[in-house]
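Q: Whenever a hint applies, use it, and build me the whole structure from the sequences.
Residue numbers for the sequence shown, in our numbering: 1 to 128.
Note that these hints are calculated values from the structure, not bench results. Honestly, I wouldn't trust all of these hints.
Here are the computed lysine to any residue pairs in the SDA-like style, where the Cα-Cα straight-line distance is at most 20 Å [to be verified]:
hint : residue 1 : residue 2
1    : Lys71     : Glu122
2    : Lys43     : Gln89
3    : Lys71     : Lys21
4    : Lys21     : Ile112
Please read all numbers here as calculations on a predicted model, not as lab measurements.
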Amino acid sequence: MAVVSKGAAGEVLAARFLREKGYRILSANYRCRFGEIDIIAVKEPYIAFIEVKTWGEGSMYLPREAVTLDKQRRIVKTAMLFIRNNSIQLQPRFDVIEIITSRDNPMEITEIDHIQGAFDSEDLHAAF
1 MAVVSKGAAG
11 EVLAARFLRE
21 KGYRILSANY
31 RCRFGEIDII
41 AVKEPYIAFI
51 EVKTWGEGSM
61 YLPREAVTLD
71 KQRRIVKTAM
81 LFIRNNSIQL
91 QPRFDVIEII
101 TSRDNPMEIT
111 EIDHIQGAFD
121 SEDLHAAF
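A: Quick look at the structure:
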């Protein structure tokens, strides 16, 4: 049996959560020279560029705290390239999905939080 990382398991769980909420997944683990975006999903009028953070129960910090300013800049640059290369006409939004999993089973969610508009490209002028 293959060992699945906590991060990969979280991305699978996040994609399932998004589909249940009516999102259409365009891409997972999209990579370019600027960085990577965990999930790119559409629910009109938005195209959501989503960073997934998965942590086990008992952590002292929230998963969203791991999305640093530098990480945000890389996500924005990557998203802008995706939009340009795919002629996207939807409003971009930058989300974070936090997943807290059971200590015993990384595929068992104890808490999930979808933070829509977690950060904004206009707040990151230095990204460009």
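Q: Please go over all the hints and tell whether each is borne out by the structure.
A: Okay, the hints, checked on the actual structure:
1. Between lysine 71 and glutamate 122 the CA atoms are separated by roughly 15 Å; this keeps the pair inside 20 Å, and the hint holds.
2. With a C-alpha separation of about 13 Å, the suggested pairing of lysine 43 with glutamine 89 holds against the 20 Å cut-off.
3. Taking the CA atoms of lysine 71 and lysine 21, the gap is about 26 Å. The hint is violated against a cut of 20 Å.
4. Annotation: proposed proximity of lysine 21 to isoleucine 112 holds, straight-line Cα distance about 13 Å (limit 20 Å).
This entry does not satisfy hint 3, going by the numbered hints stated previously; all others are met.
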